[in-house]
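K.L.:
Chain by chain, the residues:
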Amino acid sequence: RDTGTQNNGAGNTGNKTGCTLAPKPPAASTTASSSAQDEQVDGSKLKVGLAYDIGGRGDASFNDAAAAGLDMAISKLGVSKDNTKELTASPQESEDAKQTRLRQLASEGYSPIITVGFAYSDALKAVAPQFPDTKFAIVDATVDGAPNVTPLIFAEEQGSFLAGVAAAYKSKSCHIGFVGGVETPLIKKFEAGYIQGAKAAAPDIKIESKYLTPAGDNSGFQDPPKGNVVAKGEIDAGADVLYHASGASGKGVFEAAKTANALAIGVDSDQYNQATVADFKDVIMTSMIKRVDVAVYDYVKAVAKGDVSTLPKVFDLKSDGVGYSTSGGKVDDIKDVLDGYKGQIVDGKITVKDTPGN
Amino acid sequence: MSSSAAPVAAGAGEAPPAVVLSGITKRFPGVVANSDVHLTVRHAEVHALCGENGAGKSTLMKILYGMQHPDEGTIEVNGAPVRFRSPTDAIRAGIGMVHQHFMLADNLTVLENVVLGAERLHGIGARARRRLVELAERTGMRVEPDALVERLGVADRQRVEILKVLYRGARIIILDEPTAVLVPQEVDELFDTLRGMREQGYTFLFISHKLDEVRAIADSVTVIRRGTTVGTADPKSVSSRQLAEMMVGSALPSPETRESTVTDQVVLRVEGLSLLAEDGSGRAVLDGIDLVVRSGEVLGIAGVEGNGQTELVETVMGMRHASSGRVWLTGRDGTTRELTNLTTLHRREAGIGYVPEDRHRHGLLLTQPLWLNRVLGHQTRPPVSRGQWLDLAGAKQDTRRIVEEFDVRTPGIDVAAAALSGGNQQKLVVGRELSADPALLIASHPTRGVDVGAQALIWDQIRAARAGGLAVLLISADLDELIGLSDTIKVMFRGRLVADADPASVTPEELGSAMTGATTDVPTGAHGGSTSDGPGTGSSTADSEVADSEGGERG
Amino acid sequence: MNVVRGKLLPPVLAIVFAALLCSIALLVSGGNPASALTAMVAQVGEGTTAVDIVNSASVYYLAGLAVAIGFQMNLFNIGVEGQYRVGAVVAAIVGGAISLPAGLHAAVIIVVAALAGAAYAAIPAILKVTRGVNEVIATIMLNAIAAGVVAFLISQDAFGVLRGNNIGTAEIAETGWVPGISFGSNGTVFGLVLLAAAVGVGYWVMMNRSRFGFELRASGESATAASAGGVNAKRMVLVAMLLSGAMAGLVTMPELLGRDHTYLITSPTGYGFTGIAVALLGRNHPGGVALGALLWAFLDKSALALDNVGVPKEIVTIMQGTIVLSVVVAYEIVRRLELAAEQRRVGRQNSGNGGAPGQPAGASAGGV
Amino acid sequence: MAATTTSGGENPSAAPMTRTLTPPRRRLPGWATGMLWVAVAVTVLSTTAYLTNIPQLTSSSTTQTAVRLALPILLAGLGGLWAERAGVVNIGLEGMMIFGTWGAAWGGYYWGPWVGLLAAAVFGALGGLIHALATVTFGVNHIVSGVAMNLLGAGVTKYLSTLIFQPLSHNPRESPPVPKFETYSAAGLSDWLAQLEATQRVGIADVAGILRGLVTGVSPLTMLGILLVPVTYLVLWRTRFGLRLRSCGENPVATESLGVNVYLHKYLAVVASGALAGIGGATLVLNPGQAGFLENQTNGRGYIGLAAMIFGNWRPGGLLGGAALFGYSDGLQLSSGGQTVLALVYGVVLLLGVLVLVQLFRRRWLAAGVSLVAAALLYTLYWTVDELPSELTTYLPHFLTLVVLAVASQRLRPPAADGVVYRRGEGD
Ligand SMILES: Nc1ncnc2c1ncn2[C@@H]1O[C@H](COP(=O)(O)OP(=O)(O)OP(=O)(O)O)[C@@H](O)[C@H]1O
Ligand SMILES: Nc1ncnc2c1ncn2[C@@H]1O[C@H](COP(=O)(O)OP(=O)(O)OP(=O)(O)O)[C@@H](O)[C@H]1O
Ligand SMILES: [Mg+2]
Ligand SMILES: [Mg+2]
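Protein chains in written order, with this note's numbering: chain A, 1 to 358; chain B, 1 to 555; chain C, 1 to 368; chain D, 1 to 428.
Next up, chain A with everything else stripped away, as it sits in the complex (with noise of 0.2 angstroms):
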């Protein structure tokens, strides 16, 4: 029988001192919260609906950030659960189907409409002037030419510079990883933040990169299996950290880090918190969390207030649109070093670019 904790790569001896790490940032001036300072506003009168990418509420990831966002605004903006409306997605489907989708929202009086993932765009170009009245809301994508679409981006390369800085101070062997789902333009900003982070903090560093399957093929959010082979992979090459972008395939990518004692790094929300994957708490550090519901439910309250143009351009570290989370309590000790680079962020000491390479 084997235990759970055999250890079956050639990396991670655990008996290096992992690596020479830059100087730390000087200790962060401010936190920014926006959602914080909570006025009273009515959201009783909104009808909202909300159509989701593929996957749909309880993904366990931006959708269902976006349908906590909603929850959120159900519960503090008294919008009435009556008046809400989610539609979801089928895997494969055509334009049409998510034109008529929306149509279906905005011609029954649904206003605002979120539109979850960047597929919408097009049909959003499509549908978005026909409805001047109606507001619409497109998370991770901007609609030219549409003032009433709404864009809710994320800066998703600067929490995950943060993952990079996690990683490098935690690694023993000085050599970490990245494991991508499908190699989307959205993903590699993920890779850009993480490895400009490591270096950042340890110039040094090796870094592994590799995708499950590239752009288009979809599968690579959905294949475990295949997360957990790449993620060994790069172990056997000595990364002890891995930060995964895989959707459900990080599922994979955690139990490899589990079997080789390695550590790994959440994405989205708090997967340390997450059901599906709470067999691999122990392995998961931190996560870097992308606030689509934080921003779902600004949006919905900023559209009550009446004024959209009061919301970030960007979620950004400074609007605490993406982040990281502290579940588990593995990143406690590097806390001030996050949060000093985080403050530099903000601060714009330093920029993040939104795609690896040079």
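Simulated from the structure, these hints should not be mistaken for laboratory data.
There could be a bad hint or two in this list.
To be verified - Chain D stretches covered by chain B per the calculated footprint, using a threshold of three residues with CB under 8 angstroms from any CB of chain B:
id	region
1	246-259
2	412-422
Unchecked claim - Only part of the chain B face toward chain C is listed, based on derived beta-carbon distances under 10 angstroms:
id	residue
3	Q242
4	R348
5	H360
6	H378
7	T380
8	W389
Stated by the list, open to error - If you anchor each label on the Cβ, the simulated ranges turn out as follows:
id	chain 1	residue 1	chain 2	residue 2	range
9	B	D414	D	M35	19 to 29 angstroms
10	B	A147	D	M35	18 to 28 angstroms
11	B	E404	C	T224	22 to 32 angstroms
12	D	D386	B	H346	44 to 54 angstroms
13	B	G288	C	T224	22 to 32 angstroms
14	B	R138	D	W37	37 to 47 angstroms
15	D	L227	B	N341	52 to 62 angstroms
16	C	L194	D	V40	31 to 41 angstroms
17	C	A102	B	A418	49 to 59 angstroms
18	C	A102	D	L129	50 to 60 angstroms
19	C	A341	B	A418	18 to 28 angstroms
20	C	T224	D	T380	39 to 49 angstroms
21	B	R127	D	M35	27 to 37 angstroms
Using N, Cα and C, we set each Cβ at its ideal position, and we do this for glycine too.
Mind docking chains B, C and D with the ligands on chain A? Use the hints.
P.N.:
Chains B, C and D with the ligands only, in chain A's frame:
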């Protein structure tokens, strides 16, 4: 309905009849295959069953074997009434059947084929092998238990079929047209085996279209016409002609030779044609074939199946690619073209008609209507096509003509080809191939499995076309047909043309021994002309070695 | 009459059966089948749904025909999936890169799509003809590889253009668009729906009237008989596969030139597999495939209404699977019933007049 | 019939013609060919690993990964084998696998991995039963039914998980976490092999690496999967049931005529096929490192299994080879990426070199020439390119399968009546 209620009554003290079928009726959609059939088979006799194609012989036997269920009627086996739900029941009652079309799985070994379904007897391992070898020894049917069936020739396959039946302990054995694919020597061997087994108490039901064979082996014969029994006779006291008349009510036709129509205009010239086996072994299936067929001539090729006749035909047709050698054809317009590098379609266009040996595999589109079958092979030529487009009206028109001229019995030209009986399918194919006025007709077994009436019609049509200057390359396993129809005969053995024979003088036995490679020279002029009664004058009692030694002495 | 019974009854029976089965599933899970069904039917009248059905059906139709060509000669081209994607992406790249007068531009794109699809289909065709590689396995592999080829071609290193978080090919200039037929707020029917219809007619003429179609069907029915009849089997495999691939290349043209004007990494996949189902439903007949495509499109589009009545959309996938299966089962049952009826008829006939046993019943009237 | 003649060689009339024309060629027995292939593969790999200095090619980790990735494919392929040996084409393997994943998650969640495994087999078998009903009883075209099965598999499981899993996992497309099988290692052996592997001696270290991968971290499900290969062989080729089943796929009419119940055997075969595919699905759920049920998680593995079976010439040993090739190359590209893939190109060059020699020996000049050109091209590729585009290396296993099939060009031999609709009593 005239039925023959057991003419040979089971006398007192004798064993009860092995099989009694009474009042059997079987209907298929659109067809009544058997109608009130009565048949009595005595114990330890060879009982022959004769009838035209589609008369219902096979169906009756399948009913006896439990594969089909009669709509009406009763079956008794060894005096006891039985009701078979499946072949298993029949096998249990001691009945075995060797089917008209071999029922063997090609990709399994001989042993596997034999034990299949009867594993309970001796398992499937060493014990079964011992039992099979022992059985083969006893009956003289040598087989190699571990050979793949696909590598066996027809005669071997038949042995396997019979062993299969014996292995199950059958005492009543149905043989459906077992001789159709055998050469005379093999037929004789088979008959010897049957006689020996009859002595041991086996009962046989024997179906054949070859009436002389029936007279040679059977103890009694029952004739079936149009699904019902017309009578039982003693084969020793009736002539083939009488039997035939019982079957069809008309005179027995014969492929008799008449005045020669051979001209000196060469139509087909083949030089040094060779073909390598497809298995990559480098073995030659055809080895330096030279031949010439002239206008008005029928060139017959005799040979045991598997000696390269099929390959010769398919190579001349362009369906296989010769490794060396050349082929020329002189068309109706007198121009000579080299065919060697042409496709099958171009060869057909140059003036070759082709009656394939297996009409189902190579001749017909079974689920398509007759008129669309008329197009096959002629898709580039009027009247069935105009350039790249089909001429449906023309095709239908011409199909109606063929149906009329060749007496194809069909409800119409829109029925699927599969709906016709074998003989009628064959008439359609022959009619089609002669309709484009070819210079050369390649006819492979043109009357195999076809009843006497259809046979006569096909022979007549070939003969008429020959008189009009058609050259014919004829392949046939039916040596009477070969001798009767050909102007020249060549014998093929192991991919080579090893002997010539003069159809005016050669006997089937001589031809048969040359075909097996026993003799290389076939005498010409030793015997009289072929008889209209077909082969078998005497050969039924003589065993093969007599024929061999005769050939040898003369050689 | 007979045609109605033999050809139309089975699919109707099948649809009813599938609907019944799904209703039971719904009832078991506490849903309301009646409201689900009415919602689906009512959805057709909603907004652009009717037009969307026609538009999608045109796409499914092309895919179905592409598959059907192979089926006609027993070539199982699973590869339509890969071929249409390669065709679409190459056409989109070329279309975005060139500028030509209106009309000509679109024509060039369509031709390029067909050529690219055919070229991709040529791989399994050549492998089969020269090396005897089973086309099923080859096309399964090539479907996966097509995903890589498409990803490679769309990547920013090759021809891709970043559009927000999405990547796609460069937008095709307006000269390359094919205008649709607008129904105002009810949507716009793709202009290339006419192309699909024309391809269907062409397919019918080719199959039933041309020498080539005859040879194709003959090869499918019996490869051996066809080759004895002068049909070059290898050539037929090659040509059929290329034609199938060319038609596959056309699959997304209505969408590409009528609506999307670019091929994105998020562009839908799976039309090739839909094509298989649709071709099977339509029994490879151009009319049947059209009906199959419409039915499929109807199920896909009206499924969007199910969310409104709280029924999981997945029930439609179950329904589609059940329909495919039960259509063929229904054909078989009707065939058997007819056989039995025929048998009884003959039985009666013969007991009536003594008949002419052993002769085909139909022939007994006409004599011989 | 040869009753009257005695010694066959003397009298040619006794010798059946076809047999004398085709002297039976001595063929190596199946297991020997298999071993030979394995030996060639290992040799080429270790040589390549040495020459390119990429030890991952034969590391134990790679082997372990290969086993993990090959397992579902192997089981799906076995499923295909059972069905097709009985004459039923099963393109619905994918759907049956999906049934299996759902069943495994459901059974596993409530009652643990063993029940999960059982449930997976039962669910897969149910899929097989529907397929059998359609193809055997109703004579539906096998492909049609298979396509429908794939649709049904996806639809029904999605529907069921909305009903059953969503309340538990709050996600309609995913099950809650499912308990997994434990893994076992042959401890002593594994350690000894690890020492050998660490020596980095050419050949020995490679073989040790590969072997160690096979005996380390193995779950009961993995053992079952691998065990099912010889079991399948024994059942199908060495028992009476297997003989009957195979003959249904070769010549059902003949089989029926011998009193064998063809329908029954086809039913059993297809149901077994579904069960095997279901177990294949279970490996994606119950083996360590796998997720629970996840929509679309089979991701075409059923089709690949079918391909592996065709690749393996409808034989268990060949199928194992096909699945191994697939799992190995996929594992390699996933875990080590572009560079190793390039090393593999080098390996192919070596293999082609061997092939050229064989072809020269057999005097097949053309084939040798073609192989030589291909080898030269690949070698140029190896030298000129640093790394292959990742978009394309992702599909390395698919490329390899195509290439191997095209090169080996073996004469595949499907069961003669494979895919032919058989209707009882309508035989000739
Ligand atoms: N399975 C079947 N379904 C429908 N009709 C059949 C079937 N089998 C036989 N028939 C019909 O029954 C008739 C008798 O067929 P059968 O095979 O018994 O003829 P046969 O006497 O053996 O002919 P042959 O000498 O050509 O072998 C045929 O005309 C055929 O139309
Ligand atoms: N499966 C079937 N379905 C329908 N009819 C059949 C079937 N099998 C056989 N038949 C019938 O069998 C007849 C074929 O005739 P039959 O078998 O007697 O010809 P044959 O001379 O024995 O041909 P062959 O020499 O090729 O065996 C046709 O009339 C056809 O209706
Ligand atoms: Mg018969
Ligand atoms: Mg017959």
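K.L.:
Take the shortest C-beta to C-beta distance between Q242(B) and chain C; is it under 10 angstroms?
P.N.:
violated, 21 angstroms
K.L.:
Quick one: are L227(D) and N341(B) within 52 to 62 angstroms, going by C-beta?
P.N.:
Given a distance of about 56 angstroms, which is inside 52 to 62 angstroms, the answer is holds.
K.L.:
Given a hint of 44 to 54 angstroms, does the C-beta separation of D386(D) and H346(B) actually sit inside it?
P.N.:
holds, 53 angstroms
K.L.:
Using the C-beta atoms of E404(B) and T224(C), is the stated range 22 to 32 angstroms upheld?
P.N.:
holds, 29 angstroms
K.L.:
So does A341(C) sit 18 to 28 angstroms from A418(B), Cβ to Cβ?
P.N.:
holds, 20 angstroms
K.L.:
Should the hint that H360(B) touches chain C count as held when the rule is a Cβ pair under 10 angstroms?
P.N.:
Since chain C brings a Cβ to about 8 angstroms from H360(B), closer than 10 angstroms, the hint holds.
K.L.:
Tell me if the interface restraint on T380(B) is satisfied: Cβ within less than 10 angstroms of some Cβ in chain C.
P.N.:
With a minimum Cβ separation of about 7 angstroms from chain C (threshold 10 angstroms), the hint on T380(B) holds.
K.L.:
Given the hint of 22 to 32 angstroms, check if G288(B) and T224(C) actually sit that far apart at their C-beta atoms.
P.N.:
Holds, since G288(B) and T224(C) (Cβ atoms, about 27 angstroms apart) stay within the stated range.
K.L.:
Should the hint that R127(B) and M35(D) are 27 to 37 angstroms apart at their CB atoms be regarded as holding?
P.N.:
holds, 30 angstroms
K.L.:
Does the beta carbon distance between A147(B) and M35(D) stay inside 18 to 28 angstroms, or does it fall outside?
P.N.:
holds, 25 angstroms
K.L.:
Check the following: the C-beta atoms of R138(B) and W37(D) are separated by a distance inside 37 to 47 angstroms.
P.N.:
holds, 44 angstroms
K.L.:
Is the listed coverage of the region 246-259 of chain D by chain B valid when you require three or more residues with a beta carbon under 8 angstroms from a beta carbon of that chain?
P.N.:
That given contact holds, which follows from 11 residues of the region 246-259 of chain D lying within Cβ reach (below 8 angstroms) of chain B.
Violated hints, listed in ascending order, are 3, 9, 16; each of the other numbered hints is respected by the structure.
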